[in-house]
Each structure stands twice: as C-alpha cells, then as structure tokens.
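Chains as they are written, first to last, in numbering that gives the first Met the number 0: chain Z, 0 to 252; chain A, 0 to 398.
Source of the hints: derived by calculation from the structure; they are not laboratory data. Careful, some of the hints might be misleading.
To be clear about the criterion: a stretch of chain A counts as covered by chain Z if any three or more of its residues have a C-beta under 8 Å from a C-beta of chain Z, and this derived list gives those stretches [unchecked claim]:
#1 7 to 21
#2 29 to 42
#3 49 to 57
#4 104 to 118
#5 183 to 192
Ideal Cβ placement from N, Cα and C applies to all residues, glycine included.
The primary structure of each chain is shown beneath.
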Amino acid sequence: MSDGGNDMIAPDRRALLKSAVGLATTTIAPGVTLYAFGVTQAGAKPADQPVTSAKRWGLLIDINKCPPGCDKCVTACSEENGWKSSGHPETDAQWIRKVTLRDPRTGAKREAPAMCQHCASPPCVDVCPTGASFKRADGIVLVDKHICIGCRYCMMACPYKARSFVHEEHDDQKVEAPRGKGTVESCTFCVSRVDAGRIPACVEACAAKAGAAMTFGDLNDPASDVSKALAAGASAQIRADLGLDPGVRYRNL
Amino acid sequence: MAKVKFQTLDETSASFWALVGLHVLLVALGLGAALYMEEHGHIVTGMNNQIVWGLPHVFAVFLIVSASGALNVASVSSVFNRLAYKPYARLSGILAIALLAGGLAVLVLDLGRPERLIVAILKHNFKSIFAWNIYLYTGFMAIVAAYLFAMMDRRASQNATLGKSIGWLAFAWRLILTTGTGSIFGFLIARELYDSAIMAPLFISASFLYGLAFTVLVLIMMSSETRAELMTEEMIGKFRGLLAIFALATLFLTIVQHVTRLYSTAHMDAEMFILRDGGIYTLMFWGGQILLGTLLPLGLLAARGFDGGRRGLTLTSILFLAGGVAQMYVIIIGGQAFPLKIFPGYEVSSSFADGAIGRYIPTLPEALLGISGISIAMLLTAVALRLLPFLPQAAPEKA
C-alpha cells in the first residue's frame, strides 16, 4: 500500500528477480526460514499468490499471563508500525492499548490488550461507503489508504474502538505501514510480517519480553498453536452478543 | 381557484443585500475554514478519536433533514391535492434543493480527504447505508428539479398527470431519503444511543418540522421583501397548525425513544447520561431541544393573536430550528460522548479514554464550516428567486 511509484521495478527485471528468489527459496529456504523466524505458525504466503480463505488468522490472549503495567505489546506495535504520541492524547492513534478492567463489586483489577478484533462480519466493512475498509480472505481487516475518504463512519460503527483517525501530518513513517493524514487506520495483525511467514510484533514481543500471553496462528488449522490453545479450554469473545465472530479471543477474562 | 401568478424577486431592499453580504461572508469564512482543516488536518478541530463527528455533522445532518421536509408544501399541494398550498410549491422545491446542497457541501468539506470525493462517486460498497445515501441525495436533487420543471414549464405544467406522478415520486423519495439519514445512526449496532429503528421515523418527523419552519421563514422574509403579503391569514393558520402537529409528533417520538431505553436496565446508564448526568448534552436536551425548541414555540403557537400571527410565526419557526440544531447536537455528539461498553460488567480505563465520557470542544473553523452550510442554502435560494419565478404574487385570496 505504498503511495508512490519510486520503488517500482521494471516488469521483466521483476520477473527475473522473482524466479531467482523462487529458485533460492525452494532449494535452501525451508531450513533457513525456520531458522530465521523461529518456530512460527504463520506460514509464508508466496507474494504472487492471492490470499485465500483457507487460512483465518486469529489470536488468543490469556489475561492471566498479561502482567499489570506491562506494555511490551503496545511498544512493539508502535515501533513496528510507526505510530507514536505526538503530545495530543485525544487525537493520537493507538492501534493497540492496555485496558484496565476493574470489577465494581470486588475492586479486583485485570489488564487486557485491546485492538482490532478482525471480525468475520466486521461492522466497519459493512458501513464503509467506498469499500476502503475491507476484510482479506484470510480474515485480516484492513483500510485501503488509497480509497479511504476519511468519513470516519467505520469509527462510529466499530464496537471495539479499534480505529484511529490520522489527525495530522506524520513524517518518519514505516514502509510497511504508510499513514495518511485524513484517513483511518487500525491494527493490521502486522499483515506484511504475516505474509512473510512471521507473527505480529505484539505477539513476538509478549513472548520474548513478557508473559507470552498471546498466541497467534491459523484458526482454520486444527494443528496450529492457536487452535490447540483454544481447544484446550474456555475462551471468550468481547461483545459476543453482537455476533461478529471476532478473530481475537480472550482467556480468563 | 384563480390561476396563481408567480414572480421573480426583482426589487430588493438594502437589508436584503446586507443579508446576502452576510451570507457571502459566512460562505467565504466556511470555505476558508475547510481549506485550513484540509491543510492542517482535523487536529485543528475539537474532533478526536472519541468524538469523530463534530459540529460540521450537526449542521450537515440538520440541513439534509430540513431539505426533505422543505418539500412538504409541494407534496401537500400536488400529492394531497390541497390547492391552497400550490402557490408555495415552487418555493418549497427550490428550498429543498438549496438546503440539501448546503448540507452536502458541509459533509463533503469535513471529510478527511475531501479531494477524494470522486472516489466516493465512483466506488461504492452497496452494503453501506452511506453509499445508498449518495444515490438518495443525488436522486432527490434530480427528482425535485424535474418536479420544478413540471410545475414551471408552460407545456409540462398543463399535464396534470405528469405533475401528480412526479409529485408522488418526490414524496416517496423524500421519505426514503430521510429514512436513510436516520438509519445512518439507527444501523450503528455498537452504540447504545443510536442502535434503534426509531431513528428513521424520528428523523422523518423532525424533517417535517424543520423543513416547514425554513419554508415559513423564507416566505415571511420574502413578504417583507416584495412588500406584498404572500400568505393569507388562512394560510398562516394552516402553517401554524402544521408546525404544531409536526412538533408534537417529533416530541412523541422523542419520548418513545428515551422511555424505551430507560426501561432497559442495560441501557439505563446511557439514557441517564442524556437525561441527567451528561452536562452540556443534558442541558442541550432539556433546555435546547425540549424547552426552547419544542415547548416554548408550541406555547407561542397556542397563544393566538400575536401581531396577526406573523411575528409569532417568525419567532416560533426560529425556535423550532434552534431546537432542531440542539436535537442534532444531542443525538450526534451526545451519542458518541457516552463510552462504548467493550468489556460489559467492568469499569474500564485506558490511555485511549476507554470508559471515559468523550470530550469535545468545537473550534472556530469547524463552527464556521457548519454554519456556512446554512448560508450556502440561503444564497442559492436568493439567487434562484432572483432568476426564476419561484415566488407567488401577492397572497392568493380564497383557496
């Protein structure tokens, strides 16, 4: 979703590069990718093949493993996708945030990360007039920055307050996560990483530096870590009453 | 009934031009504000990630709702065959187009990327009520233009069937259009203060009220401009009666809207936010929408014989319109200010204002943009009245 054409490569050169990369990938890649990316459930999708509904990406968050005060997932997302505080808390984007939950009766407190829930029936996609808000076949909900007109109807429709509007110009953007003033944005499940066979930055950071509360993978594959973890015990959808079938599930909520 | 004669607005007073000048100034300021917002981003407005639709939407929706209601008089004349309303049918049509244009201009200029309007025109997601509305708005303009042609063209106006058919089409279309506008909010399942089928009839009822109030105000102003009484006493009585009925209908639907939510334990806190705890929104509701915008003008309408009804009618129309802006403010901004219940049963807090009442203080640019919508509508009407015979000649005597 880059805006310009500066990184365009001539088609014939691109084809040559592709076949070279393809050859290298088929011969030496299987071992190398495993080595480079660690154990991952996110199998790489060849760039020339369309996304299909064979996979549905999902995430399980175990609240018991989410340490209070920890914001490693938030920091990792911010660094990966280039959104950060500009000193305007009410208008700054937040693709993921830690929400403190307090039981009004006991006063007991928990914390849970909240972000786009990547619904199977996303209200943001239903209401978008131009189709800029869309769901990929593999369940990842995204905004096409080229056709978002900035009407913010998706933000009105999202039950999870997952979306942010880009209120001002931002320099220093990440190549993989362009941010356009006047358009809407939200968690992408780190789609470029997922397409490259990696896991989202928040999940990686939580596993490496925090309680490994997040498990990411293909919900359609019964052998994936996330499917096995989901099968092992009860989990909850937030706002399950709305029937949106979110791709993000919570345990011990 | 004697043949109704129409006139263009030829002789105009200094105060007319002063008013035109004021509207030109407001439109210029509004456009300047839009450019400023486009250049700097919505950071220069009071809107934020909690209150994503602000004052421009209040005015835009108010004008769009008023537009469909402005067509009332034409519909009463040609659909319901009330000949007494016929002299005002042309004005009602042109006012409907002008109000819609004003509302849409504000809506478009408040987009994050207004220069991408062409995308909204060319790419449609047909599951989106917003996309349906694009067709409803443009269709309304085209149908009302055809309706005006059928009324005003020498040959077309002879054809009663044509006039009646287009009249019916326009009437059905304006009902669907306002159903669409109300459903922009009614379809929002996640927000407690919106998600309700009553939004459509409530908006339709409100549109009858605001649209007629605009029509009456323009007629009173043009009566003074043309130095001819454009409304008979009888018509003033009819307009008073209609305004009262529309205001009562809107009040009734408002009561049902709130009482239904109040009955549900799950929604009681949201409802009490509007009715009791919401600060500015509570004040806007009771003080603006109910007291100043409904009860006071209804009382004025009931108290007869106030300057032959004209001054009273002017004041009540202004009050109904002010009440309409307050109603839109409560619905649109109050509805967003109450926090989403993402984790029901918990008290929540976060750096993203979860669980907190949304904060919104409108800034000057967005206020100027919103108000300029009314000025765009009034300027378009003034130009139309100067160019073509939309106004009746002196009051038609007996209907």
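So, going through the hints one by one against the coordinates:
Given a C-beta distance limit of less than 8 Å, the hint that chain Z covers the stretch 7 to 21 of chain A is violated, as 0 residues qualify and 3 are needed. Note: the stretch 29 to 42 of chain A has 5 residues with beta-carbon separation from chain Z under 8 Å; the three-residue rule is met and the coverage holds. Counting residues of the stretch 49 to 57 of chain A whose C-beta lies closer than 8 Å to any C-beta of chain Z gives 3; at least three are required, and the coverage claim holds. By the rule of at least three residues with a Cβ nearer than 8 Å to a Cβ of chain Z, the coverage given for the stretch 104 to 118 of chain A holds, with 7 such residues.
Under the rule that three or more residues need a Cβ within less than 8 Å of chain Z, the assignment of the stretch 183 to 192 of chain A holds, with 6 such residues.
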